[in-house]
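Chemist: Here's the letter readout for the chains.
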Amino acid sequence: MVSMELNSRMHALSFIRKNTGLTARAMGSLALLFAAIVYSTYIGSVSISPLAISRIYLSQIPFAGRYFNGTFSVVQYNIIVLIREPEVLGAVFVGAALGMGGASVQSVFKNPITEPYIIGISSGATLGAVVALATGTDIMGAYSVQFLAFLSGVAVVLLIYVLSFRSGKVPPIYLLLSGIAVSLFISAIVGLILFSSRRLQNEAFAWLLGSLSGITWGEITIVAVIVTVCGIILGAMSRELDALQMGEAHAQSIGVPVERVKLMALLITTVGVAAAVSISGLIGFVGLIIPHVSRMIFGGTNRKVVPASAVFGAVFLLLSDDIARTVVHNTVLPVGIVTGIIGVPFFMYLLNRISRGSYVA
Amino acid sequence: MDQATRRNVIVIVAAIVVVFAGFSGYLVLHRASSTSSPSISLQEASTVIIHNSNGTNTSLNLSYSNSFVYVPNIDHGNLVINQSLHRIVSLVPSVTVTLYGLDAYYSTVVGVDQYSTYPAPPVGVQVINIELSSLPVEDIANLSPDAVMSTSGYFTTQVINQIVNVLDIPFFVFNPNNMSQIESQNVQLGILTGTYQNALKINEWMNSNLAILHDDTERIPGKPITVFYDLGPGSTGLYTAGNGTFIDQIFSLVHLKNVVNQTGYPELSASQIEDLKPDWILLDQYYNQSSFNQSVPGYLSIIHDNATRIANDSFLNENDFRTVYAAFWMGSQFYPDYISLANVTPFDQTTGIYLNPPPQDGVNGTQ
Amino acid sequence: MLLEARNLVFRRGRFSLEYISFTAQPGTITGIGGRNGSGKSTLLRLLYGFYKPESGDVLVEGRNIRTMSPREISRRISVVNQEVSEPFNFTVSEVVSISGYSRENGKPAVSDVLSMCGIEHLEHRPFNEISGGERRLSIIAAAIYQDSGIMLMDEPTAFLDVDKELRVIGIVRKLREQGRNIVLVLHDVNLLYRICDNVVLLNNGRIVAAGKKEDVMTLDNLRKTYSVEFREVADGGPYRFAPASISESG
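Protein chains in written order, with this note's numbering: chain P, 171 to 531; chain V, 433 to 799; chain F, 4 to 253.
There may be inaccurate statements among the hints.
Claimed, not checked - With a Cα cut of at most 27 angstroms, we get these calculated DSS-like pairs of lysine-lysine:
{"no.": "1", "chain 1": "F", "residue 1": "Lys216", "chain 2": "P", "residue 2": "Lys280"}
{"no.": "2", "chain 1": "P", "residue 1": "Lys339", "chain 2": "F", "residue 2": "Lys55"}
{"no.": "3", "chain 1": "F", "residue 1": "Lys110", "chain 2": "F", "residue 2": "Lys55"}
{"no.": "4", "chain 1": "F", "residue 1": "Lys177", "chain 2": "F", "residue 2": "Lys216"}
{"no.": "5", "chain 1": "V", "residue 1": "Lys689", "chain 2": "V", "residue 2": "Lys709"}
{"no.": "6", "chain 1": "P", "residue 1": "Lys474", "chain 2": "F", "residue 2": "Lys110"}
{"no.": "7", "chain 1": "V", "residue 1": "Lys633", "chain 2": "V", "residue 2": "Lys689"}
{"no.": "8", "chain 1": "F", "residue 1": "Lys216", "chain 2": "F", "residue 2": "Lys110"}
{"no.": "9", "chain 1": "P", "residue 1": "Lys280", "chain 2": "P", "residue 2": "Lys339"}
Simulated from the structure, these hints should not be mistaken for laboratory data.
Next comes chain P alone, as it looks inside the complex (with noise of 0.2 angstroms):
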């Protein structure tokens, strides 16, 4: 029943690509993002109404804003400035860039079921993270976590990456089997340090079930910068992507340097990736399942995959964190468990369909 119910969903999605202009599937999405985002600022356990939300926006425009100063509380502000505007726009970017990084990583790999974390961007930031709560170390104060996160992160991928390394070139059934082991690896000493420590437990739990809440403007700015400058460097490496698709002998002949661009790629996915990762801990999913999506709505080309993936995966991980912080009254999951939830049902789907041998109804 379930999978039926699923299946006509999926023939939706096709149909949508079938029976609209792509400018109003752009359009549509956009508009989509957006009414999630309002409607993301608007959930939470404290009510605030729709007016005074929409005043406190018009407070923050900068230098009209003053003009709207007054007819809201400071906590009304506090809560939907301080709070969840950096939640909601932490959803944005950790969603555009595991939907970016997951198209990218199944352009390289060729292979419809991989996600940006295979390449060991997880491992890495998790050993960064637990390292940096086990230690105390302090290198820029309260965020050192996510800092050694994502330095970890980076430097696991990179590690892997040249352990790949045959003939001058990087296959990717190399990468991915080193990616595989030398995850594992790491894992094993990511559970030594947890089995060490009963306190570490407790704290490197949210982390590896990842969570949004709690992310300041500080962070989210960084990332932000970090995740659009990652973006617009895949998306201006598309055609570079699709090529690799088709493989990469064929790629060569057409005048891709593939080795180049496979670096290129992967290192810039990792970076973008990883940024987020260190903000919101392990999200899984987004990057597995979000680019199918982009592609039975817009086609299989990244000029428009790689941007409706950012978009729908940031559409994705709003909704997952709504749910997250509404499903259970007074507790806010882990989106991480969310997504899992709502992933996994979608990634058998997908086998299936992918086992078949087509995106398309």
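Dock chains V and F against the given chain P, drawing on the hints supplied.
Modeler: Only chains V and F this time, still in chain P's reference frame:
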């Protein structure tokens, strides 16, 4: 458009977007910091300066109770309070109980965590559900408290950062770890809430009863009974409280000897416990037989009849004035002929502070 | 465009190509023949720089491809590989336009190359859903779209139905008429003779013979190449050679 032009356009657009993103990021940060100061470091302070109504200043040293306060950056390293606190969110039962004992609860507490059940939160005091590492910051913000109080180890830096640096609310961390630190905590909370006189009365009550306990214990003949405190199964054995822990001090107050020599909270295997030959095993209130049968096979054989269960954990875990009752209870379990809860002088009559329900309620586990 | 291979040496494990030299002229079709594993496809991959030779050079119009970037090579050489990965969700027209990655001018249009290959009706169909033969034609169309002087094709007719095979042969001949330099890897002896102007025969990584097909495709060279005795078939239509063990009457 040919290749070169297209690439140039991409580069220009990219440059514009990067500059735009940087600028808007700066603007946003700047705007946010004009109302508050999102910073990347947590500042701890052990001194609170209180401006009194008569123009003098009181300087409060939190380190006397092994405590400190995270100070919002906006306050430049010193927490300064005008006269006293009026809206407190207490996220740890010991602080809640102390505020109640000080008769400051109804006038200052606006929110408590779900474990603060003594006293039962009245209408108007919001119960805030805290999880392992997250808490609904929005609910706290909505209460506009002038202080949040807890103990260490509950919240991540990220959460504390949000309360302290994003919302500009000082976050007190109380960690008293012996009787005199508890008395310091009483005084500090008394000064912070304008109930200093009551704090002195509570401490007087504590001191007189600790003296009674001391006299009672002196009369006990022979060597102390040895005990092993079972805190529940770990991965290879049982956790227990070692030397220097708070419960270890209570043991020595009532002529008991902890068989464990390690400090902190070590994990011991069944054979290690057997080697220590404890006279008694002290079981946790929520002790669960089936769970430790798996982790320490053989353990059951030495429990036999010489095990007793703690009637109410809260009195032992919450480091506040009610610990006095916990000590008397503990003593009465092992030396009923010498130590009795009935010997504790009534709190309300001694201090003049009438608490309902009375503070000793439930120490026997009987409600 | 003139394509020259000079003393190419390539070794990987037990396999090796030793001192391969030949020249392919514009306006001609050069066939590379040999048994499975003789090194045909490896040689092809050396020709466009996907593999780097241990020694020896590939020259395009006298310029060494070692000195060229992939983009510069691809403007001169396009390739039809025997197999391509299955992309996730591309239409035929998207697959073709991907090959325009390095092109400098806007010609030919996607629709032109599709109709040249007789698959204009597939333009908006998903690449993964069309048949194997249609995919081959799409990849050939993509190579034409790349608009290079030299075209390398690895077994362009393998596993095709007769009608598609004839269409591919027609396309290749048309490309020769346009003055392109076509290099084909073909394991079928008769096809080699039918289509090609010049032939390179490989056995175990070494050249048996290279040159005009009339000079190269002797019964003696074929025996050395394929380790089978051949005989000539009289009036065999497209079939000129047959293994000697099979008699004409069956």
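Chemist: Next pair to validate is Lys689(V) with Lys709(V); report whether the Cα-Cα distance is within 27 angstroms.
Modeler: holds (12 angstroms)
Chemist: Could you grab the alpha-carbon distance between Lys110(F) and Lys55(F) and see if it respects the 27 angstroms cut-off?
Modeler: violated (31 angstroms)
Chemist: Does Lys55(F) lie within 27 angstroms of Lys339(P) when you go C-alpha to C-alpha?
Modeler: holds (11 angstroms)
Chemist: Under the criterion that the straight-line Cα-Cα distance not exceed 27 angstroms, is the pair Lys633(V), Lys689(V) satisfied?
Modeler: violated (31 angstroms)
Chemist: Take the C-alpha atoms of Lys177(F) and Lys216(F), compute the straight-line distance between them, and say whether it is at most 27 angstroms.
Modeler: Given that 27 angstroms is the threshold and the Cα spacing comes to 19 angstroms, the pair holds.
Chemist: Check the hint pairing Lys474(P) with Lys110(F) against an upper bound of 27 angstroms on the C-alpha distance.
Modeler: holds (24 angstroms)
Chemist: What's the verdict on Lys280(P) and Lys339(P), does the C-alpha distance respect the 27 angstroms limit or exceed it?
Modeler: holds (16 angstroms)
Chemist: What's the verdict on Lys216(F) and Lys280(P), does the C-alpha distance respect the 27 angstroms limit or exceed it?
Modeler: violated (40 angstroms)
Chemist: Are the Cα atoms of Lys216(F) and Lys110(F) separated by 27 angstroms or less?
Modeler: violated (33 angstroms)
Violated hints for the displayed structure, listed by number in ascending order: 1, 3, 7, 8.
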